[in-house]
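The residues making up each chain are set out below.
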Amino acid sequence: MPRSIRPDRWLFLTTVALCLIGAVMVFSASAVMAQSTYNNAYGFFVRQLAALVLGVAAMVALARVDYHKLRQPAVVFTSLGLILLALCAVFFLDRSHATHRWIRLGPAGVQPSEFAKLAVVLYLAWFLEMRRQSRTYGVNDAMHTLAPALGPVLALVLLVLLEPDMGTSMMIFLIALAMLFEAGLSLRYAAGVVLAALPVIYLLIVRVPYRYNRLMAFLHPDSDPQGKGFQLLQSLIAVGSGGFSGVGLMGSRQKLFYLPEAHTDFIFAVICEELGFLGGMVVLALFVIYGWRGIRAALAAPDDFGRLLALGATVLVVGQALVNLSVVLGMMPTKGIPLPFISYGGSSLVIMLIATGILLNISQHADQG
Amino acid sequence: MDRRPPSTRILYLAIFAALWMGAVDARLSYLQLFKYSDYLARARRQQQRIVEVTPLRGNLYDRNLREMAMSISLDSCFAVPAEISDPEMVARLLAGVLGVHTEEIETRLDGSRSFVWIARKLQPEIVERIQALNLRGIYFQKEHRRFYPKGELAAHVLGYVDIDDRGLGGIEYQFEQQLRTPASRMLVLADARRRWYERHGPNQARDTSLVLTLDENIQFIAEKELGAAIARTHAKAGTVIVQDPNSGELLAVANWPTFDPNSAGSSAPEARMDRAISALYEPGSTFKVITLAAALEEHLTHADELIDCQMGAIYIGKHRIRDHKPYGMLTVSQILSNSSDVGAIKLGLRLGPEKFHHYIRAFGFGTASGVELPGETRGLVRRVEAWSAISIGAVSMGQEVGVTPVQLAGAISAIANGGLLYRPRVVREIHHGGLIVPETQEPPARVVRPETAATLRGMLEGVIREGTGKKARLNGYTAGGKTGTAQKIDPATGRYSGREYISSFVGFAPLNSPVVTVLVALDAAVGAHGGGDIAAPVFQQVTQQTLAYLRVAPDTPLQPATEQAAGPHPQQFVKEEDLSDFDPAQVADATAAAVPGPEDFSSRDAKGAEPAAKSAHATVVVEDGEGIVVPQFGGMTVRNFIEQCMRLGFNPVPVGTGIAVDQLPAPGLRAHPGSRVVVRFTPRAATQTVAQKEK
Chain A
1 MPRSIRPDRW LFLTTVALCL IGAVMVFSAS AVMAQSTYNN AYGFFVRQLA ALVLGVAAMV
61 ALARVDYHKL RQPAVVFTSL GLILLALCAV FFLDRSHATH RWIRLGPAGV QPSEFAKLAV
121 VLYLAWFLEM RRQSRTYGVN DAMHTLAPAL GPVLALVLLV LLEPDMGTSM MIFLIALAML
181 FEAGLSLRYA AGVVLAALPV IYLLIVRVPY RYNRLMAFLH PDSDPQGKGF QLLQSLIAVG
241 SGGFSGVGLM GSRQKLFYLP EAHTDFIFAV ICEELGFLGG MVVLALFVIY GWRGIRAALA
301 APDDFGRLLA LGATVLVVGQ ALVNLSVVLG MMPTKGIPLP FISYGGSSLV IMLIATGILL
361 NISQHADQG
Chain B
1 MDRRPPSTRI LYLAIFAALW MGAVDARLSY LQLFKYSDYL ARARRQQQRI VEVTPLRGNL
61 YDRNLREMAM SISLDSCFAV PAEISDPEMV ARLLAGVLGV HTEEIETRLD GSRSFVWIAR
121 KLQPEIVERI QALNLRGIYF QKEHRRFYPK GELAAHVLGY VDIDDRGLGG IEYQFEQQLR
181 TPASRMLVLA DARRRWYERH GPNQARDTSL VLTLDENIQF IAEKELGAAI ARTHAKAGTV
241 IVQDPNSGEL LAVANWPTFD PNSAGSSAPE ARMDRAISAL YEPGSTFKVI TLAAALEEHL
301 THADELIDCQ MGAIYIGKHR IRDHKPYGML TVSQILSNSS DVGAIKLGLR LGPEKFHHYI
361 RAFGFGTASG VELPGETRGL VRRVEAWSAI SIGAVSMGQE VGVTPVQLAG AISAIANGGL
421 LYRPRVVREI HHGGLIVPET QEPPARVVRP ETAATLRGML EGVIREGTGK KARLNGYTAG
481 GKTGTAQKID PATGRYSGRE YISSFVGFAP LNSPVVTVLV ALDAAVGAHG GGDIAAPVFQ
541 QVTQQTLAYL RVAPDTPLQP ATEQAAGPHP QQFVKEEDLS DFDPAQVADA TAAAVPGPED
601 FSSRDAKGAE PAAKSAHATV VVEDGEGIVV PQFGGMTVRN FIEQCMRLGF NPVPVGTGIA
661 VDQLPAPGLR AHPGSRVVVR FTPRAATQTV AQKEK
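Protein sequences, first through last, are from chains A and B. Heads up: the first sequence runs through residues 1 to 369, numbered per my numbering. Heads up: the second sequence runs through residues 1 to 695, numbered per my numbering.
Please keep in mind that the hints were generated in silico from the structure rather than gathered at the bench. Honestly, I wouldn't trust all of these hints.
[Stated by the list, open to error] Residues on chain A that point at chain B, a partial pick, calculated with CB under 8 Å:
{"id": "1", "residue": "178"}
{"id": "2", "residue": "242"}
{"id": "3", "residue": "253"}
{"id": "4", "residue": "291"}
{"id": "5", "residue": "322"}
[Unchecked claim] Listed below are several chain B residues computed to face chain A (Cβ distance under 10 Å; list not exhaustive):
{"id": "6", "residue": "13"}
{"id": "7", "residue": "38"}
{"id": "8", "residue": "44"}
[What the hints assert, rightly or not] Negatives, chain A to chain B, calculated, CB over 10 Å:
{"id": "9", "residue": "24"}
{"id": "10", "residue": "47"}
{"id": "11", "residue": "56"}
{"id": "12", "residue": "57"}
{"id": "13", "residue": "58"}
{"id": "14", "residue": "69"}
{"id": "15", "residue": "75"}
{"id": "16", "residue": "77"}
{"id": "17", "residue": "79"}
{"id": "18", "residue": "84"}
{"id": "19", "residue": "109"}
{"id": "20", "residue": "155"}
{"id": "21", "residue": "197"}
{"id": "22", "residue": "210"}
{"id": "23", "residue": "250"}
By construction, the Cβ of each residue, glycine as well, lies at the ideal position given by its N, Cα and C atoms.
Build the full structure now, drawing on both the sequences and the hints.
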């Protein structure tokens, strides 16, 4: 099997750049809030750095591990099983809030739903490659391919949905859909899956008041600027008031309790306010490069497993980035989805770096052709 | 392994992602490049606030740096109606807390979208209750409010401020420039929790405070005794001034009627008038001091010269002036002590108008004294050319001239200190931040030679020892002074009123090294109106207590307490045994010192004192419709006093530290709950020192 000697430098440097921007912006966006809430301006920054160190170590390690070693039922089902177990466990372990998202491990916390994304990518890459190579069952065999492919995925989606975390569950669903599509899912099925999902999504939104409010806020941000539309409006004000060159690093005013979740889901608004259009464009460009290198790695992958894995990882990062950016800019209703590498959140950061590590490894196995 | 060519589907996904990214990019450009100014304006609107800043006024202190006026920070409540979704409910909740009508608040909320005051300068507990409602769109802003912790104490000197903290009277007005930071509109950047994190505007850190020459204890004594005298004599008005004759500093300026500067707006305008500097009156006999000083200074007479007082009548031109009593031959000293009009006129005639006029002006009459208070009257001294034939006679006995209390006190101080006229002062120092600027004192003007002043002091002592001012006699101290009883001019007729008098006494003590000059003037007393009868006792009370407070050593043997002029406040005392409760270390001294004290209240028959003391501690409250009986606080510590006030619902105002010696209102009077009870405390050491000196 032909292998290039070195992993993809572009991808590596892009990832490092995104992580560094993330670390700086997490500090900028969280310092005042952390000082006033926890009396420690560096609290979030230090945690983010710790996750970054951990994640980079995992990325470097995985970049050195031949991705084919992941192509084993033992790896795939162990990860899937552990995630399922963890997602069930959060219902018993995290009863502190109304949500069940966290497993506390000492000072750190883990969000199993983040890891679920990766498990889905791994499982589908393994399973779909198997089906593509099978002479007995085609990819579009509803009984033998779609059901076993979507079964575990929907189980994960459902568990995450119950946390409740609709954003992440939809993200998982989107990743699965993209991979199925790539594997050759007939467009009839693809349409069917989407259509089947629509009433579920509709009910999930209309029946749950906060989601409904978010939708209404998205549609009519100015109707209730202090209530439902507050977050989106504040996000737009932050982005808009940044202008071309921004108000300067650390200079954001919107982060001073106007903009909720400034250091997590809405960190891009703070970037746009402080660094302006230029800063925002840099972040967009980095994700474009990431996507380009990810697709390139997928296309160059020597086998279906590598290609599907690379695609899954790329969708995981870039797809999530697109959703997050769209939310921040008011192009989609608000969801609880972090911006990869940049938003505060250890689990997300580690997962993104692991995905990048896998992608880096796949890029080394590129076809020479 | 059968490898298939790469799916082209991945490219569809890539194109989809690229389109999406393109849309994000377009949106970003739209927001940041095209809508920039819109969003910037929106950001400014919510992040910046123009705040009208109530300027912080500097504090006023008495000479011992006790706060007389201070600015306290209070929260004002405002609303941003745009943020309120249910104004009616918000109005109802706020109205409940503030005790106003719901409609009133609703109307206000309708008034503006961005900012309306709900209520200004609120008490902390109200603020807490509003905060507990946790209403969106309701915020607080710190504002300053002027607070006079001692209530009416020294109200006329301190002055008062309007709702916007502008000084309208007294020091507050006179030193407006120094005390007030210019009003400013300030641009502040506020975070979403309405805390300012940045502000552009004049620096607010200016910290100017004034240290006055007043002493809150002496001021208290003066006000209390003036109040008691008013109650006794039913006078319409009155003034007591205590001045340091050696520097011109005013230690106390008390006027009646008075007002509480904390609520000046609700007081009558005449109550806010500082009579000490603006009430013009004919001094009457007290002015004879000036006549004699001039005559002595010009060597026209000497203390022992015998003058024929012509059995009480003298002709000036065709006018016959009658003395209040027919006197025969009197020495000059006796003229003063008996206050003979004929004698004074004869000396005035010796001076002649020009010289007399010169001395009158030299003593500061007819010129504003220059005290740092607004609204001072110059006084009325007619030009010599305007004097009529009888003017010289009238002026000699204190008629046809108009003086203010502060002018007369200053003139008598000049006699007391050996002939130097100081500008009366109420401001001692100005503190600018850490910088202390003492007020400049221009050198005093010499009015008469020290020998003349000394001679006059001796004569003025005679007034108290054997003349018209016997009731001014102090226990343990020598003193000099002069009585005055002047008919008021009826403003309706322009003639002397037969019924209304200004009764006054002005003097100093101790005789040979005076520490205080005290002036008492009572306007239109009902019944007895002789200065020696009603003003002299006030002088005696104020001076006696002030000297004891200042720990001035007695210079004559003390009289047994019973021989003193009956004090107006027999309830006041400090039972010596009570002292031991407060400081066990002093038990021995205290019991040994059970000797009559110089202050009338400092020692009484222990048996008589006991029941009163008991009742004071037992908190017997008798309520019968009109308020609560104010108990006896004498002998209590500050803490006991405050505790008991809290129990009874009074507002305690302690003045000084140590043991309670005086109080307002007097024990036994009724007062409404919530009203101020001012009690003066003296360090127990002072009582001890004096008590030991007596032995």
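Evaluation of the provided hints:
no. : hint : result
1   : 178  : holds, 6 Å
2   : 242  : holds, 6 Å
3   : 253  : holds, 5 Å
4   : 291  : holds, 6 Å
5   : 322  : holds, 5 Å
6   : 13   : holds, 6 Å
7   : 38   : holds, 7 Å
8   : 44   : holds, 8 Å
9   : 24   : holds, 20 Å
10  : 47   : holds, 23 Å
11  : 56   : holds, 25 Å
12  : 57   : holds, 29 Å
13  : 58   : holds, 25 Å
14  : 69   : holds, 17 Å
15  : 75   : holds, 19 Å
16  : 77   : holds, 22 Å
17  : 79   : holds, 24 Å
18  : 84   : holds, 27 Å
19  : 109  : holds, 27 Å
20  : 155  : holds, 25 Å
21  : 197  : holds, 17 Å
22  : 210  : holds, 17 Å
23  : 250  : holds, 13 Å
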